[in-house]
Amino acid sequence: MTALPSDSVGIVVPQQVAFDTPLPLTCGAVLDRHELVYETYGSLNAERSNAVLVCHALSGHHHAAGYHHESDRKPGWWEACIGPGKPMDTNRFFIVSLNNLGGCHGSTGPSSINPGTGQAFGPDFPAITVRDWVRSQAMLADHLGIEQWAAVVGGSLGGMQALQWSIDLPERVRHVVAIACAPRLSAQNIAFNEIARQAIYSDPNFHGGRYAEHGVAPTQGLMLARMVGHVTYQSDDGLRQKFGREVASGDLEFARDVQFQVESYLHYQGRSFSQRFDANTYLLMTRALDYFDPAQEHGDDLAAAFARSKASYLLVSFTTDWRFSSERSREMVDALVRARRNVSHVDIDAPYGHDAFLLPIQRYTDVFGAYMDRVASEASV
Amino acid sequence: MNPAPATLREDLRLIAELVPEGARVLDLGCGTGDLLAWLQQHRQVNGYGLEIDHDKITACIARGVNVIERNIDEDLSDYDTDSFDLVVMTETLQAVRHPAKVLDEMLRIAPEGIVTFPNFGHWRCRLHLATRGRMPVSSHLPHSWYDTPNIHLCTFADFEALCAERGLRITRRLVVDESYRPNNVINRWSNLFGSIAIYGLARAAGPGRSS
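First to last, the sequence lines map onto chains A and B.
Quick note: the first sequence uses our numbering, first residue 6, plus one each step.
Quick note: the second sequence uses our numbering, first residue 112, plus one each step.
Hints should not be assumed to be uniformly reliable.
Claimed, not checked - Output of the computed footprint for chain B on chain A, the stretches with three or more beta carbons under 8 Å from beta carbons of chain B:
{"hint": "1", "stretch": "327-339"}
{"hint": "2", "stretch": "346-353"}
{"hint": "3", "stretch": "359-368"}
Just so you know, these hints were derived from the structure itself, not from any lab.
Each residue gets a CB set at the ideal place from its N, CA and C atoms; glycine is no exception.
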């Protein structure tokens, strides 16, 4: 076994907390109790001023950095940005990363047991919104004794949670870092989500979402959903650079057998995802994305939505991200300028599409690091 | 941490004196954010800089200056009319593709603008061109003609003619030497001896323009 990299937080142990306080949800339902699983990296200072909340994206979870076991093949999903000397520097910050309510990695979600029936919630699990996540994350902050986050940080759907924090609980967040994010989904975004959902619904093993009761899982549908999603996370250039028209198996002469590298890659991505993710959670998360629209209750005026915020913002977009394009970040920047909030925006030239936010791209980590240095110095750490 | 420089370069200091407390300021081509950092600290302005140079953007972020990666030539239409109190553009005019359009946009976004740029009518430039027959290269304009960001050089007289043509009113003019200092000789013979001018602009009153 080789030693873990020195710029990693190393071995981490997930923690669990149960809340018995009822959580009223946007949909009208009330969740009497719920559990969250989370990890922390770095240490909370005496003033409790150096806490950073990391919010995960559609298919993410609490394991954002480090390793659970020395034998782990891969570190957490945001290893590029969390660790000693990295943008979210664990020598300075106390970083909290959780699995969101409705998730399938240990927090209460559709695959948890419904105390009312003794069976898994399945499709009966209430619809969850980004606002609900903020409420539940605030309960976690209370539990950890964190009155105010130095920063709330996230990419994609995670960035939306960071934005919502600054709107809903303005006293509790000093900085927002929203990366590869959008103020709401476009019709095209929703369309792709719907294709993913239909792929799951049409799997014969779906059983209206009660697949657990039948002892099966709609893995084929989930695999298709992930394949569609995955294409939207990549750019045309990125896929070309990675795979071109390389053939994985078969022979171009016999076109029926041929499999291009990109196909085999997508099959692998889809298959491995479908084995570790819950279909009902996937449906719930895509719905939360679709519904996110903080401007809606302000007459579609995004600046009005930000009017109560007290946070400063860093927005980062990527030139080849066509899921949440640079233009979507510019919309948010313009609204924040109108709302007189402090905001900076950088548009990183990188060929990796939406998923660029997970990668160690030099200019991106430089800018992110420079911003977090400011956050740290304000927090006197 | 001290985000703002203790002393501002002289031309920036002259500009800073023109900025009212708490103003909303847009700085086109804000560089490393010297002016905005100073204004934030001493004038409590709500300021934003536009910049495209990657290293300068990072420098702004590191010192807590709001910086937006956006191209002045393409993206000023995103800003609402009268959404700022003041738009500043220091030594950037000569590097934009459409200077006249940018000036129009500045005075649409805010009722007042401040513009500074190097004087191509300075006697050294004239002498250089007259005696050597080559495009002037100096400490202020150090680039060769074929490799320069300064694609729209002009003289103070040229600039004033353009302002007249676009219906922009010059509210003040401060001319400084190459060390960014004002002096009397320069004020008398500015187009010949001035290196850099600081112009205050406003919309011309009268029909055809709202002001």
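Worksheet entry | Those earlier numbered hints the structure runs against, lowest number first | 3
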